[in-house]
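A.B. asks: Please build the complex by placing chains B and C on the supplied structure of chain A, with the hints as guidance.
Listed below are the residues making up each chain.
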Amino acid sequence: MSLFTILDLLGTSAFAISGALSAMNRKLDLFGIFIIAFVTAIGGGTIRDILVGNTPVSWMQDTTNMFLIGSITIAAIIFRNKINYLKKSLFLFDTIGLGICTIIGVETGISASLDPIICITLGTMTGCFGGVIRDILCNEIPVIFRKEIYATASLAGGTCFMILYYFNLGENLVYISTAALIILIRLLVVKYKVSLPLFTIHNKGH
Amino acid sequence: MSLFTILDLLGTSAFAISGALSAMNRKLDLFGIFIIAFVTAIGGGTIRDILVGNTPVSWMQDTTNMFLIGSITIAAIIFRNKINYLKKSLFLFDTIGLGICTIIGVETGISASLDPIICITLGTMTGCFGGVIRDILCNEIPVIFRKEIYATASLAGGTCFMILYYFNLGENLVYISTAALIILIRLLVVKYKVSLPLFTIHNKGH
Amino acid sequence: MSLFTILDLLGTSAFAISGALSAMNRKLDLFGIFIIAFVTAIGGGTIRDILVGNTPVSWMQDTTNMFLIGSITIAAIIFRNKINYLKKSLFLFDTIGLGICTIIGVETGISASLDPIICITLGTMTGCFGGVIRDILCNEIPVIFRKEIYATASLAGGTCFMILYYFNLGENLVYISTAALIILIRLLVVKYKVSLPLFTIHNKGH
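Chains as they are written, first to last, in my numbering: chain A, 1 to 206; chain B, 1 to 206; chain C, 1 to 206.
So that you can see chain A by itself, here it is in the shape it has in the complex (with noise of 0.2 Å):
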């Protein structure tokens, strides 16, 4: 097993468990915790296999994830109350995903020899997007528009891996810088409370 399928292992059930207690916070039912466990583990892949035609989409051809994404949650139902304890395991778990899962959505744009521009918007939106169905399920204006820097961290990291893919570096270089980068960024963020600027509109003369 590569140092890359294990962080890819990483990043899902991170992003697993991110459903899982986003759904119990919301006081959903067992079969909704699932849901929206999976839906935010798969739903940033399956939306990039569908907009490029990568169908069936992954997760259909291979239930590895499926049965780490239910062992995960059930973990994550058992544990709920001790979960707290691990925030800061859990938001290193997510950034690698994140980091992952761009990486991944970059390279599927590759294959289909889709333009630069393309290929990062496509990897960001494999970071990002199982997180933003997760809170339209949940119906709530999805978190990453709002208040945190983790688009962005995904764009950078997307934009750094096109640049050094440009310049044939080897894979594994790629990927590490990649991802370092993507971890990096998230972790100063947090630390320093950096913030998107907001645009507020004048409503005057109404």
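Be a bit skeptical, because a hint or two may be false.
No distinction is drawn between identical chains; accordingly, a pair holds when it is met within one copy or between any pair of copies.
Simulated crosslink set (BS3-like; lysine-lysine; CA at most 27 Å straight-line) [claimed, not checked]:
| # | residue 1 | residue 2 |
| --- | --- | --- |
| 1 | Lys82 | Lys191 |
| 2 | Lys82 | Lys27 |
| 3 | Lys27 | Lys193 |
| 4 | Lys27 | Lys191 |
These are computed hints drawn from the structure, not numbers from a lab.
C.D. replies: Chains B and C alone, transformed into the frame defined by chain A:
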């Protein structure tokens, strides 16, 4: 016209009525009522076709459904104040719809040579996701995540289908047993007011 | 550059501005503004491509749209307090966008040899669903379900297109008549404050 087709049309109609009632309760306009009726009736099948890659999706290839949904919605608008007296029949039609859509979803998965677990998932999505899209469009947390053993009946039916299919029983027997199981579970659940457990998080120390 | 292309770019721009304004009104951050502008502008076409099976979807195959939407959004942010003075031109652009997107949607259906009814539906979805996704992401019941004769104009235009197309009139004539009809309906509707009927349910006896 086979029994299967008749049940399919009954199920589609029940889903359309449930969507139209939802839309009228939220005071949507005429167009909103038609759209919500339409997506409730064909949303699950559309997601199924998109995930598997069966495009153009099935309602685009056969207009019977569109005419049926249109007529049923007009009828639902005209008789909107009488439908409350029909709530029991509606519940039954809706359950038949759930059963039939689950079966069609599982079969789509089998035709695409997908793993049994994926086939069952596909069946449940086909049966339930029309209602999920209806609730999202109406700006509510999907009801199936909150208080109904609806998806669970579909999951149980899908599992039953796969087991009987594996033992190579006749097609009609498989269909009838699956549909009967789903209907039975829903009736029992409503009669005895069973619901899935909730798991609350104790946010102490925050 | 043909008249059609110019109108298409105008329509995309108007949709992007309407998305950016929506996002700023809801106090989303910079990333949120870009995403909402983007999905409003290309959401309808993306759903059209996915349903018909035209993948990778069209905005992935031509980056013109992405650069246009990006620039327009930056402009909308800079001039956000001046745009209110432009509301009439915005309304006109938005209506042009609706007309053009409806035509492109109907044509996509014809190329895929779909039934006329389905072609009209596809045109309406292409014209309207960008706004639907915008409203869902902003956590609101889509405005077109509630108070605007917006989709109805698109439906009427699509029907007009199919009839003229059936009589084999020249392409330009079909385009111009359809777009003119849609724009005319919207202008009249707004001028005379027409709206679709509501159907209320009397929940007596509950």
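A.B. asks: Are the hints correct? Go through all of them and say.
C.D. replies: Taking the hints in turn, this is what the structure says about them:
{"no.": "1", "hint": "Lys82 - Lys191", "result": "within (24 Å within a copy, 37 Å between copies)"}
{"no.": "2", "hint": "Lys82 - Lys27", "result": "within (17 Å within a copy, 34 Å between copies)"}
{"no.": "3", "hint": "Lys27 - Lys193", "result": "between (30 Å within a copy, 18 Å between copies)"}
{"no.": "4", "hint": "Lys27 - Lys191", "result": "between (31 Å within a copy, 23 Å between copies)"}
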